[in-house]
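A.B. asks: Same order as they appear, the protein sequences are chains Y and U. Sequential numbering of the first sequence, starting at 2, is according to the numbering used here. Sequential numbering of the second sequence, starting at 30, is according to the numbering used here.
Please keep in mind that the hints were generated in silico from the structure rather than gathered at the bench. Please note that the accuracy of each hint is not assured.
[To be verified] Think about it this way: if two alpha-carbon atoms lie no more than 30 Å apart in a straight line, the pair counts; the simulated BS3-like pairs of lysine-lysine are: (1) U:K130 / Y:K69; (2) U:K130 / U:K289; (3) U:K64 / Y:K139; (4) Y:K271 / Y:K177; (5) U:K130 / U:K208; (6) Y:K246 / Y:K69; (7) Y:K126 / Y:K139; (8) U:K64 / Y:K69; (9) U:K239 / U:K289; (10) U:K208 / U:K64; (11) U:K130 / Y:K126; (12) Y:K126 / Y:K177; (13) Y:K139 / U:K130; (14) U:K64 / Y:K126; (15) U:K130 / U:K64; (16) Y:K177 / Y:K139; (17) Y:K271 / Y:K294; (18) U:K208 / Y:K139; (19) Y:K246 / Y:K271; (20) Y:K177 / Y:K246.
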Amino acid sequence: MLTVEHLHKRYGALEVVRDVSFHVPVGQCFGLLGPNGAGKTTTLRCCLGLTQPDAGSIRLVGLPIPQKAREARLRVGVVPQFDNLDPDFTVTENLIVFGRYFGLSRRECEARVGRLLEFAGLTDKADARIEALSGGMKRRLTLARAMINDPQVLFMDEPTTGLDPQARHLVWDRLKTLVTEGRTIVLTTHFMDEAQRLCDRVAIMDQGVLIAEDAPRTLIEREIEPVVIEVYGEGVERWFHTYGKTLSSRAELAGDTAFCYCVDPEPLMKTLEGQRELRALRRAANLEDVFLKLTGRDLRD
Amino acid sequence: MTEAAIASPATDTSRRVSRWRFAHVVYRNYLVWRKLIGSALVGHLADPLIWLVGLGFGLGRLMPPIGGLRYIEFLASGMLCYSAMNSASFEGLWSAFTRLKVQRTWESILNAPMTVADVVIGEWVWCALKGTLSAAAILLVMALLGIVQTPLALWVLPIALVVGLAFGGLALIITALAKSYDTFTYYFSLLLMPMTLISGVFFPIDQLPKIVQTAAQFLPLVHATTLARALAVGTPVDNILLHVAVLVFYAVATVVIAAKLVERRLMR
Ligand SMILES: Nc1ncnc2c1ncn2[C@@H]1O[C@H](COP(=O)(O)OP(=O)(O)OP(=O)(O)O)[C@@H](O)[C@H]1O
Ligand SMILES: [Mg+2]
Numbered sequence: 002m003l004t005v006e007h008l009h010k011r012y013g014a015l016e017v018v019r020d021v022s023f024h025v026p027v028g029q030c031f032g033l034l035g036p037n038g039a040g041k042t043t044t045l046r047c048c049l050g051l052t053q054p055d056a057g058s059i060r061l062v063g064l065p066i067p068q069k070a071r072e073a074r075l076r077v078g079v080v081p082q083f084d085n086l087d088p089d090f091t092v093t094e095n096l097i098v099f100g101r102y103f104g105l106s107r108r109e110c111e112a113r114v115g116r117l118l119e120f121a122g123l124t125d126k127a128d129a130r131i132e133a134l135s136g137g138m139k140r141r142l143t144l145a146r147a148m149i150n151d152p153q154v155l156f157m158d159e160p161t162t163g164l165d166p167q168a169r170h171l172v173w174d175r176l177k178t179l180v181t182e183g184r185t186i187v188l189t190t191h192f193m194d195e196a197q198r199l200c201d202r203v204a205i206m207d208q209g210v211l212i213a214e215d216a217p218r219t220l221i222e223r224e225i226e227p228v229v230i231e232v233y234g235e236g237v238e239r240w241f242h243t244y245g246k247t248l249s250s251r252a253e254l255a256g257d258t259a260f261c262y263c264v265d266p267e268p269l270m271k272t273l274e275g276q277r278e279l280r281a282l283r284r285a286a287n288l289e290d291v292f293l294k295l296t297g298r299d300l301r302d
Numbered sequence: 030m031t032e033a034a035i036a037s038p039a040t041d042t043s044r045r046v047s048r049w050r051f052a053h054v055v056y057r058n059y060l061v062w063r064k065l066i067g068s069a070l071v072g073h074l075a076d077p078l079i080w081l082v083g084l085g086f087g088l089g090r091l092m093p094p095i096g097g098l099r100y101i102e103f104l105a106s107g108m109l110c111y112s113a114m115n116s117a118s119f120e121g122l123w124s125a126f127t128r129l130k131v132q133r134t135w136e137s138i139l140n141a142p143m144t145v146a147d148v149v150i151g152e153w154v155w156c157a158l159k160g161t162l163s164a165a166a167i168l169l170v171m172a173l174l175g176i177v178q179t180p181l182a183l184w185v186l187p188i189a190l191v192v193g194l195a196f197g198g199l200a201l202i203i204t205a206l207a208k209s210y211d212t213f214t215y216y217f218s219l220l221l222m223p224m225t226l227i228s229g230v231f232f233p234i235d236q237l238p239k240i241v242q243t244a245a246q247f248l249p250l251v252h253a254t255t256l257a258r259a260l261a262v263g264t265p266v267d268n269i270l271l272h273v274a275v276l277v278f279y280a281v282a283t284v285v286i287a288a289k290l291v292e293r294r295l296m297r
């Protein structure tokens, strides 16, 4: 459904996408993860033909991009990183006007609006003006708008950024439905739990390079020990240097918290018994651990 | 979505998306304009009425006839082009920039199966339609004041359309390059206003220095006023084709450049 090979894109002297290749088969949800400025949005824009790559080849819904980008977009839905709903129109009008760009008749658009509003949980807001919507509602309307052409593939750039937990769960639920219907989804996100929950495969991108790509579970098993112990509190540093570092397979101190990755957590847990000042949290390894291991803990931008 | 939705992938819509895609952009702008139609129409009619009556009759009383025309006749036929130019420019500058930068409307359209050319041509045509509407309002006022009498005057409307295309295209170039609204104030007061003064809108240009007159010939507005004056109040004109050609040249050249610039700005 989407194949990207050896994609390169530079802005001035900066190569923001470097030799990126990946493939998304029909009916899969593919997650593109990476710190701020990694090149996720740029990669998606290249795939949609919204910017000219410097090298590489892209095929989307069987068509070469950017040569046939416009034709490809007939079958694609896009949720951009920043909402660009039309503030001159109401919620319903936004959907209808957008549908017209796909060559849908007004009547066809109107027939689809009801279902889409329901899909986005915005039925009560059908005639509201855009300014009257909360950030979360706008995001959901953008999602509904991306569905107006009944797309085979959806590109979603941070679809849940700025949503409250309720809205996020609603969106997750909808995205799962879309995949069950056989649609393909390419999304970016900064929420690792979201990626772990939704994506069949994830690719981690850093400074323009894809540094890992696999199913979330496989990545976790491959990169991280199964158990993580987080320790914080008074004297954590001393504890870290005497026990944390030595009794785990891998450990790091980030700020006031020690992260210890272990296969067998028992010896470490013992050292924590009776340490009143220290608080410990024992949990299973997750995608966030993988992400931080591969991209580091330093702030970007 | 329902099962029906799965069964009918969106491929079947492709046939209906034709090379008239730019019309979707015109239609979008029309829908927005229609919401404000009351104030828009009042503006279109009241504005020229005040100008014409105020300047034409007020100032006109002090003016000798110009080439056999009463001043108000001279002024009104100039104002046809001036207001087509103004309307189209305003639309192509402030309004288009709002859609380009502030509202990101153009970006959203490009997420659909539309191209930069579709967007720019749509905006360009929309500018021209607004310009034509302004000219039509003046023509109506002129008819009410008894200044135009022949149906031949209706031919100024296609002229106004081309004037709108020329200045709409020019405005879209400026918009594609602009960082903020401030640029437009400069464009208006440093370029459009001086050009208006040497293009025979408010007074005839034959008393201006020769070099200024020659310079004016390279700009679109003087050709428009010459044509409009001939059609609306019957001043003699030769080289009709030349005048039309200059306007058409400006219209086409500017939209091509504007599309290139917008492409460079949005698709980088
Ligand atoms: N139009 C542009 N002109 C110049 N540089 C750009 C442009 N677009 C993006 N960049 C640069 O390219 C790099 C990648 O940006 P991109 O938006 O693709 O990152 P991202 O992974 O989507 O980040 P975020 O998570 O913050 O959205 C950044 O360094 C950014 O500054
Ligand atoms: Mg981004």
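A.B. asks: Confirm or reject each hint.
C.D. replies: Hints versus structure:
no.	hint	in the structure
1	U:K130 / Y:K69	26 Å, holds
2	U:K130 / U:K289	17 Å, holds
3	U:K64 / Y:K139	22 Å, holds
4	Y:K271 / Y:K177	42 Å, violated
5	U:K130 / U:K208	9 Å, holds
6	Y:K246 / Y:K69	55 Å, violated
7	Y:K126 / Y:K139	11 Å, holds
8	U:K64 / Y:K69	36 Å, violated
9	U:K239 / U:K289	36 Å, violated
10	U:K208 / U:K64	29 Å, holds
11	U:K130 / Y:K126	26 Å, holds
12	Y:K126 / Y:K177	24 Å, holds
13	Y:K139 / U:K130	19 Å, holds
14	U:K64 / Y:K126	19 Å, holds
15	U:K130 / U:K64	22 Å, holds
16	Y:K177 / Y:K139	20 Å, holds
17	Y:K271 / Y:K294	26 Å, holds
18	U:K208 / Y:K139	27 Å, holds
19	Y:K246 / Y:K271	14 Å, holds
20	Y:K177 / Y:K246	41 Å, violated
Checked against the numbered hints listed earlier, the structure breaks hints 4, 6, 8, 9, 20; every other hint is satisfied.
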